[in-house]
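Whenever a hint applies, use it, and build me the whole structure from the sequences.
From first to last, the protein sequence lines are chains A and B. The first sequence begins at 1 in this note's numbering and counts up one residue at a time. The second sequence begins at 1 in this note's numbering and counts up one residue at a time.
Rather than coming from a laboratory, the hints here were simulated on the basis of the structure. Do not take every clue at face value.
Put simply, identical chains are the same to the list, so a pair is met inside one copy or across any two.
[Claimed, not checked] Calculated cross-link-like contacts (lysine to aspartate or glutamate; reagent style EDC-like; alpha-carbon spacing at most 20 Å):
| no. | residue 1 | residue 2 |
| --- | --- | --- |
| 1 | K152 | D197 |
| 2 | K158 | E63 |
| 3 | K158 | D197 |
| 4 | K42 | E78 |
| 5 | K61 | E45 |
| 6 | K42 | E32 |
The model shown is predicted, which means the values in this text are computed figures rather than measured ones.
Letter by letter, the chains look like this.
Number of protein chains: 2
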Amino acid sequence: MAQNTAIKVNETSRSAVGRDGVLDIAARLFREQGYGSVSLRKIAEAAGIKAGSIYYHFGSKDEIVAAVLDAGIRVVHESMRDAVTDLRADADGETVLRAAIRAHLRALIDVSDYTSANVRIFGQVPQSVRDANLPTRRAYEAEWDSLLSQLKKDGTLKQDVDIRRLRLMLIGTLNATLDWFDPDRGSADALSRTYADVFLNGILQRQDT
Amino acid sequence: MAQNTAIKVNETSRSAVGRDGVLDIAARLFREQGYGSVSLRKIAEAAGIKAGSIYYHFGSKDEIVAAVLDAGIRVVHESMRDAVTDLRADADGETVLRAAIRAHLRALIDVSDYTSANVRIFGQVPQSVRDANLPTRRAYEAEWDSLLSQLKKDGTLKQDVDIRRLRLMLIGTLNATLDWFDPDRGSADALSRTYADVFLNGILQRQDT
DNA sequence: ACGCCTAACTAACGCCTGTTAGGTTAATAA
DNA sequence: TTATTAACCTAACAGGCGTTAGTTAGGCGT
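Here it is in C-alpha cells:
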C-alpha cells in the first residue's frame, strides 16, 4: 500500500523493493500469521526476492522484527497524540478521552500493519527483542498516564482511580480487539464509541435520570 | 503441583509421569514461553523423559496442544458457572456479574496453567488446532451470553447494550491481564473488583450524588 | 514361571530454519 | 568508456524440529 503507483524509478534499479518494502511486507505477514510461522523465506517470497538477499538490508531476523515493533508503537503514539492536540483548546475531558481511544483503535485496525503486528507478536518474540522495544513502549505509556492524570486532576475522572491500572485496562481492552474484530461486522469508530461509553459511564442501569 | 508428595508407586513402574503429567508440564511451559518456543524435546526434558517417549501418550504435538486448549476452557467455564450457581438464589444482578468476573480472572491467574496457556497461545497454534478448540469456546461464550442476557432482561444492565460486543469486550479485558499482571503487585481478587467497578459504573466523575 | 502390558529408551529420518560467503546484474558517476 | 556501487542471487552450512521404528525394563495376573 505504499509503492506501485507513481514515479517508479528514481533511486537505483528497476524493481527494488528495498529495506522499507521488506519491512512493510514483514509487518503484514507478522500481523496475519504471528511470529513463529513467518520465516525469512516467506518474507522474501512475498517481497519477490530470495531469502539471502534480506541480509543486504538487515543483519538478522531479530533486527527486522525489532524494527517492526518499534515502528508499530511510534505510529500509534503519534496518532494518539495528534488526535488529542488537534482538538479545540476548550474541549472537555470526556471529549479528549474519547479522541484518544478512537485514535488508538484506528491505528490498530484501520491504519497500521506495524501497530497490529506489534500487539499480535510482542508476546511471541525473543526476550531480547522485547527488551529493545520497551523504551518506545514506555514513552507511549507515559503519554497515556499524563493524559489520564490530567483528566483526574481536572475532575473529569473519579478521584479514586489508579492511573496505572486504568491505563493497563484501557490499552489491554483496545488491543484485545484484534483477536476478534471483523471489519465486515462494524467499523473501528463505532466500536471505539461503544468502548468509550462503557468506560465512561458503565453498563449498569441507573436509577437516577 | 500434582505429584511428588504422597504414595509414589501404585500404578505400574517407579517414576512414571504419565499422560497427565506430560500434559501438566506442557501447559506450564506453554503458559510461560508461548507455543513456538516450546518443543517436544523441552516438554520431555521438563518431564524427565525423552522426546520420543511422548508418542506413547500422544499421537502428535497438535494433539497435546489441543488437549491443553480444551482443558483450559473447560476449567474456566466450570469455575465461572460454579461461582454463579453457588450464589444465594436472591443475589442481585450486580453481585452475579461480579462473581462471574472474579471467577474468570481467578482461573486465569491463580488456578490454572491450562486456562492461561489457552489465552496465551491460542493465536499462535495451527489453524486446525484452533478449529478443534472452537466448540468448547463457543459453549463458554454461550454461558456468558446467557448470563448477560438475563441481566439485561431483569433490568440490571442498560437496555441498549449489545450482548455479544459486551461479552467480547469483557473477556478480552480480563484475558489481556495476562500480558502485564504481576502477582507481587496485587491480587487477582482486588483486580477483579477494579474491573467490575469500571464496567459497572464507569470512570467518569458524576455530578449527581 | 510365564507371558503381557505399560512406559519408557535409542537412533535415526527428512524437513525447515537463520545465516554466511561469494558471485552476478544493472544503473549511475567520472 | 570505465569504474563504482546498490541490490540482488546461488549454494551451502549447522542445528533444531516433529516424527517413526524398533528395543528394553519392570510390575501384574494367571
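Taking the hints in turn, this is what the structure says about them:
| no. | hint | verdict |
| --- | --- | --- |
| 1 | K152 - D197 | both (18 Å within a copy, 17 Å between copies) |
| 2 | K158 - E63 | neither (43 Å within a copy, 49 Å between copies) |
| 3 | K158 - D197 | both (15 Å within a copy, 11 Å between copies) |
| 4 | K42 - E78 | neither (30 Å within a copy, 41 Å between copies) |
| 5 | K61 - E45 | within (15 Å within a copy, 28 Å between copies) |
| 6 | K42 - E32 | within (12 Å within a copy, 27 Å between copies) |
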